[in-house]
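S.K.: Quick note, the sequences are listed as chains A and B, same order.
Residue numbers for the first sequence follow numbering that gives the first Met the number 0, beginning at 0 and rising by one.
Residue numbers for the second sequence follow numbering that gives the first Met the number 0, beginning at 0 and rising by one.
If you are wondering where the hints come from, they were derived from the structure by calculation, not from laboratory data.
No residue lacks a Cβ here, since even glycine has one placed at the ideal position from N, Cα and C.
One should not assume that every hint holds.
[As the list claims (entries may be wrong)] Computed footprint of chain B on chain A, listed as stretches where at least three residues anywhere in the stretch have a Cβ under 8 Å from a Cβ of chain B:
hint, stretch
1, 102 to 110
2, 365 to 378
[Unchecked claim] Calculated cross-link-like contacts (lysine-lysine; reagent style DSS-like; alpha-carbon spacing at most 25 Å):
hint, chain 1, residue 1, chain 2, residue 2
3, B, LYS277, B, LYS245
4, B, LYS173, A, LYS87
5, B, LYS173, A, LYS68
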Amino acid sequence: MKTKYRLLFLTILFLSVFSCSDDFLKSQNPEVFQSNEPLILSSQSLGNEITLTLPNAANESFYISVFPKWLQPENMNGNMENGVLTLKYAIIQPESGSQTDYLKGTLVVSVEGVGLFQTELIYGNIGSTPDQSLQNVKQIEGKVIDAVYNKTTDVLIIAAQNPNRLIVIQTNSGTSNVINLDKSPACMDISGDGKSLILGYTVAEIGIFNLENNTLQRSYQLDCIPFDLVLGENGWCYISPSDRYDYNLRSLNLSTGKLNSGKTPPLSYNLYGQSVLKKVGGKPLLAATRTGVSPAGLLLINISRGLPNDTIAYWHDNTSTIWPFADGSRFFAEEGQCYFMPEYIASMNIQPGLKSYGKLKLNQLRINCIDQNLAKNSFFVAERNVAELYYNQNYANIIEQFDATNLNLIQTFKPSLTAVKKDDKTVLLNNEIWYTFSNNAGSKLFAIRSITPEIDVKQWSIETFDIK
Amino acid sequence: MKYVLVYSILLIFIVLSAKSQDKIITTNLDTIACKILRSNNQTVRFRMFQNGIETVGKLDRAKIKQLIISNENSEVRTGNNFPHRWRAGFSGGLGDLLGSTDKSKSSAMSMGLTEAQADEYIRQLLIGYQAGASFHYFLKADLAIGLNYRIFATGADLWINLDPMDGVHMYYGKMKENMYVNFAGVSVFSRMPITANRKLELISAISVGMTMYRDETSILATNYLITGKSFGSAYDLGLEYFIVKKMSLGFNINVFSSRIKKLTLNDGYSTRTATLNKEDRENVSSLDLSTGLKFYF
């Protein structure tokens with residue numbers, strides 16, 4: 000009998016061992032720790048590594064529980080090291096391409112016994128963040144007004160306001176000097192030998208700087224506020240006035256300081272205020288386009304005698320802004336048209352139409368800036384995607400390299416994005432390229448850019464590309 | 000000389016006969032010296048010499064008090080004419096789920112598992128452990144009724160990548176499952192000795208009752224509990240060898256059959272119940288191999 004009951008008790012005990020509870024359902028709902036700021040991963044970074052510092056994680060084991068498909072972690076599991084997780088990764092570009100210039104996603108790390116750590120990831124060609132600039136991008140304080148480059152000395156000069164100064168950069172060595180200004184700069188030009196810089200201010204005055212010792216040599220008073228100026232390479236400087244209805248080109252003898260104002264009536268083929276001036280290479284000519292009227296046309300001004308000839312040759316074509324070739328044989332207009340530089344004929348003002356050489360197949364709508372590089376037989380063209388200058392864009396501008404002879408596209412350079420704080424959130428913004436220059440050897444390309452005007456602060460920077 | 004040989008042969012025969020002598024003690028306390036040929040639950044067949052003449056006889060078990068088999072333990076009868084009234088058995092071993100895995104595999108792959116991962120996961124689930132306990136009352140020497148309990152447990156554990164189909168992310172984590180199939184029911188047990196000394200017996204049992212299904216699944220740190228109940232049956236066939244008089248060691252093959260029609264899913268926040276179509280019912284049938292100890296008293 001006793002044996003019988005003993006065995007019955009064992010049977011009941013046996014069954015009790017296998018009785019079930021719902022405790023396992025209660026083991027979910029881990030604590031979630033969320034990062035306030037996204038983690039920005041740049042394709043410009045030297046190493047593909049993420050470092051996360053997770054509170055209370057100590058040396059616990061972890062695994063990556065959620066990750067974006069474009070991020071391939073090297074290890075999905077591991078152990079923390081004193082609360083620090085270093086995660087190496089590779090990037091897998093989506094096959095279908097991204098609708099934006101960057102990739103976004105969420106990374107969640109599950110740490111045993113602690114919880115889930117969640118952060119947003121952003122990956123792209125990002126040159127700078129609120130905390131730092133990566134190696135190819137340098138911030139420029141203030142607002143860039145103008146920039147010039149001399150290929151003989153490989154010197155880049157940037158004129159900026161707020162604070163007013165000139166930034167002189169030796170692009171080969173990367174060293175830079177600053178010349179502080181007592182007035183706001185408006186426009187400038189550099190001499191062919193790279194030794195002198197002439198700077199127009201936002202008041203009726205210009206200054207001449209010695210670039211060998213970075214000092215102001217002398218200043219001259221003007222009778223107008225300069226809009227644009229150009230060195231004639233003949234000891235003269237030519238200035239277009241800011242007043243739209245001031246039709247007179249100013250000529251300044253740099254040796255004597257004598258200013259000639261001209262007495263030109265307001266004829267349709269004349270210079271207007273707010274005209275852009277360019278020196279035609281290899282010829283005693285100035286080329287001008289009138290930004291204040293339409294069509295802007297092309298004006299050729301003969302400066303062989305120093306003072307401009309009375310006759311201004313005019314072509315009634317829509318050019319907007321022009322960029323002459325270094326040898327003066329052709330020029331580009333704002334929509335990519337390439338025209339032969341016409342001959343200056345003193346006896347005629349209004350000339351027949353410009354002769355076309357070809358046209359650049361621009362990726363975007365208009366040209367912001369062109370740099371010619373003789374070593375590469377190329378033009379580097381900074382483009383914009385809106386018709387009117389200074390319109391809000393919110394597009395990534397690009398630089399395209401074209402062959403100088405056949406005008407075919409060689410390659411494209413895309414500026415990096417800039418991460419900024421907006422309403423306490425980190426956002427990525429595109430950059431507009433205003434000036435582009437290449438060094439004499441054609442190995443480096445420099446883009447002076449500002450973030451697209453979505454926020455009040457217009458942040459300027461310079462990005463360097465390797466030209467392969 | 001020939002008489003010596005004859006007498007020697009006779010003497011040897013007598014000695015051998017004496018040494019191989021079995022005895023049957025009847026309920027009337029008569030003793031029959033014989034050689035037991037075979038026995039079952041009903042009768043005992045024996046051979047004896049009467050007046051030098053070899054005779055084969057048969058006696059009903061009901062008239063036999065005791066069998067004494069030479070060089071072996073004797074079988075002792077109780078007052079009820081069969082040796083044991085109760086039987087308790089405990090066993091354990093392996094079980095192999097018999098249901099089709101095609102749907103499970105395609106379901107796993109649609110979640111984002113690779114084919115290799117799905118195969119590995121199913122492979123881990125198919126083979127599990129089972130244990131059982133039974134308790135029977137003998138109505139007759141070879142027939143008993145009682146209760147049978149069985150539990151089958153299996154599990155799988157795999158690190159997986161899961162595509163949530165949001166176009167952006169991948170999930171990674173453990174996919175873990177613990178499945179338990181409990182069965183309890185009434186049982187009919189029968190046995191048949193296959194040796195004369197009844198040390199080795201062929202046993203069989205049929206049980207019908209209730210199957211209780213429980214599946215604890217964890218997919219990427221989200222836990223689900225799936226439960227269900229259904230009718231089930233078990234068919235047992237095995238051999239038992241009596242180590243001692245009241246204890247035997249058994250080796251069994253068991254076929255368990257059950258399909259769960261209604262499942263309840265609990266994710267810790269809400270509960271949903273689904274009634275499955277015939278072709279979708281959860282098949283928890285299995286083939287078991289087990290061993291264990293049985294106690295007779």
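S.K.: Against each hint, give a clear statement of whether it holds in the structure.
M.R.: Tested hints:
1. 102 to 110: holds (count 4)
2. 365 to 378: It is violated: at least three residues are needed, and the stretch 365 to 378 of chain A offers just 0 whose Cβ sits closer than 8 Å to chain B.
3. LYS277(B) with LYS245(B): Answer violated: LYS277(B) to LYS245(B) is near 46 Å, above 25 Å.
4. LYS173(B) with LYS87(A): Answer holds: LYS173(B) to LYS87(A) is near 22 Å, not above 25 Å.
5. LYS173(B) with LYS68(A): holds, 18 Å
Violated hints, listed in ascending order, are 2 and 3; each of the other numbered hints is respected by the structure.
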